[in-house]
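Undergrad: So the chains spell out like this:
Protein chains: 2
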Amino acid sequence: MEVGIALERAQQILLDLVSAQGETKVSLFEATGRVLSQDIQAGENIPAFDRSPLDGYAMRAEDIVTASQNNPVHLTVIEEIAAGHIAQKALSAGTTIKVMTGAPIPVGADVVIKWEDVERIDQEIKVTQSLKSDSNIVPEGEDVKKGELIAARGTRITPPVLGLIASLGIQQVPVFTKVKIAIISTGDELLDPSEEKRPGKIYNSNLYTFQAHCLELGMEPIPLGIVMDNQEAIAEKISQGLEVADVVITTGGVSVGDYDLVQDAVNDIGADTLFWKVAMKPGSAMVAAVKDNKPIMGLSGNPASSLVAFDLLVAPMLKKMQGLEKQLPSVISAVLSDGFGKSSPQRRFLRGSLHNQGGMDTVKFTGAQANGVLKSMVGCNVLVHVPAGSGKLAAGEQVSAYVIGRIDDTY
Amino acid sequence: MEVGIALERAQQILLDLVSAQGETKVSLFEATGRVLSQDIQAGENIPAFDRSPLDGYAMRAEDIVTASQNNPVHLTVIEEIAAGHIAQKALSAGTTIKVMTGAPIPVGADVVIKWEDVERIDQEIKVTQSLKSDSNIVPEGEDVKKGELIAARGTRITPPVLGLIASLGIQQVPVFTKVKIAIISTGDELLDPSEEKRPGKIYNSNLYTFQAHCLELGMEPIPLGIVMDNQEAIAEKISQGLEVADVVITTGGVSVGDYDLVQDAVNDIGADTLFWKVAMKPGSAMVAAVKDNKPIMGLSGNPASSLVAFDLLVAPMLKKMQGLEKQLPSVISAVLSDGFGKSSPQRRFLRGSLHNQGGMDTVKFTGAQANGVLKSMVGCNVLVHVPAGSGKLAAGEQVSAYVIGRIDDTY
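Protein chains in written order, with the working numbering: chain A, 1 to 411; chain B, 1 to 411.
One thing to keep in mind: the hints can contain errors.
No copy is singled out in the list; a pair is fine if it fits within one copy or between any two copies.
Using 27 Å as the maximum straight-line C-alpha spacing, the simulated BS3-like pairs for lysine-lysine come out as follows [what the hints assert, rightly or not]:
| no. | residue 1 | residue 2 |
| --- | --- | --- |
| 1 | Lys-180 | Lys-197 |
| 2 | Lys-126 | Lys-342 |
| 3 | Lys-364 | Lys-326 |
| 4 | Lys-146 | Lys-25 |
| 5 | Lys-132 | Lys-281 |
| 6 | Lys-326 | Lys-197 |
| 7 | Lys-197 | Lys-145 |
| 8 | Lys-145 | Lys-126 |
| 9 | Lys-326 | Lys-126 |
| 10 | Lys-364 | Lys-146 |
These are calculated hints, taken from the structure and not from any lab test. Bear in mind that the values here come from a model prediction, so they are computed numbers and not experimental data.
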């Protein structure tokens, strides 16, 4: 067991521990937000044929080379085809076929003219301009070429990715199975919101915060409720979690006192402790263990501490289990809007939101930075990295920021 | 009916047309991603009492004013309390109470010392340092003050927002009802992925792309399948959509030719057309109508055109219906990574992804910009605004970009 290790070491231990879960197939309607378990390669060109991007007339460019206002060319309309239909006839010199948007280009034609740009007289049209060959023709394979990689294994299925998969005629989408996460809150002081208020007690928020977080990551949370500060009860609850889930997350009971029981409970059930405490603030108090290849993450009971530890350490591990290619938070460069008046003997992460000011990324702090303050996680999408031994931070200072949430929410 | 109007005018027409849907209440477990329909105000302080942030001993600061290594102060331990429990005794001069993390501060105490920092001898402790009053005490209301606004009506419920709501003991969360969106694809050329491939046909992607898009926005898509290019059939399908949904979105059949039937179908069912065509590329071909206060949005059949129109026009309207306070995409300043080699007689939006380069927001184009190209919507989270009459764009040029997707995906 390693104690008080660096964040990067802890991240590496957790990422080395896990791999992507099993694979399954889901229908197109169920695939949004899931992670592709196989590369999707185009089996054919999209579109699979040359087609018209507009309503007009298909013809041979050479037939209208001389066409002008003063020297119109007359062509005979021999057929009319809508999208989804194939011309029965081939074009020969002096003829044209009317085509609708999306219709396949008839054999023999190499140019389409907008219907507004010609004059139709019965079964003839009058063309008064010339066009280069291939004008107004969407070539076969314009969107996707046969054999092209549409989306790689490990990609989250966004709306356009799903659209591309559908356009290949794929009905069943190969995805990784969802990670199941058992969530347990420990602490004699905790009440569920369904319970009546009592002196000395607080309502439990962590269970709900993490349940929401797992849902937003596209995973399956299994909330197992509150367990009192009792080593045996905690051990039993963790065992229960290991039975129903791929990962167990607990909050509370991981610091250094008489009632910090999660570590002892983890030992009791025969799990191997991987590390205890990470050298950062908030989120330092934490125990990571493993049993039957299933990670057990004991996080702090302090709401902000546990969320920061989740974002920096647990989420990357869960993303790897979910099959996602990108796991660690991006680290970007940004400028501080406001200063921070305390020096940081320890390595520290400050909660903030990212804003675009005249093209520059700028961070505003989202409020009080104490471990127990959940409020400052609201709107927080970056964590400003403050190396150990830093002095106060000045407004305008250039900093590194770890991206942990949706930036478009505050931009 | 207005024709060929500016994007901003079209946005305004649509936003003026709609308002937030009804309100309902959901459990904490169902609330993630929903939109608050009422302000949430704190009915009490969180935490509701002063508490200890660590395992240690609570005492009176005045008792240890003189304490030092050479002049230790001895205090009698009169009680021991865990989190969730209340001290039975009050502190008097010369006494201390052992407190665990999260425990309420006993009456009479105004300071807590870490247990590692004192020496315990039977029922006494030896203190060798002085501490200022209020040291190591988390004050009542540190996270949230009574009466404080926790989250405003119109806020999307993120994990920390949900946690704060739970910490107030609220079980039923007031949210707006989900917007229901009927999605219809029109076109003789379309096949569902479940159908066999046939010449001249293409697999329909729009239905799936928009279904996914609505899900990601936290709304309820109702996919109604493909309807052929037949005015009566389209009218019937739109009527069906109006019966089951709050909004109807169609793709295809909205340009200018013989087979552009959505506008006629909308007239047939007695809907009022609001506008036709928006002065931008892609996404220009579009018809907006309303019947029984329900918007009908007829978008282009071209995948990229319809997605851009959706992001810039339809999504803001849907967000207002969903009750979200922020509706229109943020417009930010950014620098182009690459140039764009065409001039733009029309107002244009180019698909790109946003990146942080040394603190500066930078846009990379996501591929070919033709209307039919869905591929370049993959990874696209910003649309670069190119005003009408612009020449070619050079790498390094400062541009405006509309934020339409998750930035943290590409940052």
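Undergrad: A separate judgement is required for each hint: does it hold in the structure or not?
TA: Hint-by-hint comparison with the structure:
no., hint, verdict
1, Lys-180 to Lys-197, "neither (31 Å within a copy, 38 Å between copies)"
2, Lys-126 to Lys-342, "neither (80 Å within a copy, 31 Å between copies)"
3, Lys-364 to Lys-326, "both (26 Å within a copy, 19 Å between copies)"
4, Lys-146 to Lys-25, "within (23 Å within a copy, 50 Å between copies)"
5, Lys-132 to Lys-281, "between (66 Å within a copy, 23 Å between copies)"
6, Lys-326 to Lys-197, "neither (43 Å within a copy, 35 Å between copies)"
7, Lys-197 to Lys-145, "between (63 Å within a copy, 17 Å between copies)"
8, Lys-145 to Lys-126, "neither (36 Å within a copy, 78 Å between copies)"
9, Lys-326 to Lys-126, "neither (58 Å within a copy, 52 Å between copies)"
10, Lys-364 to Lys-146, "between (47 Å within a copy, 25 Å between copies)"
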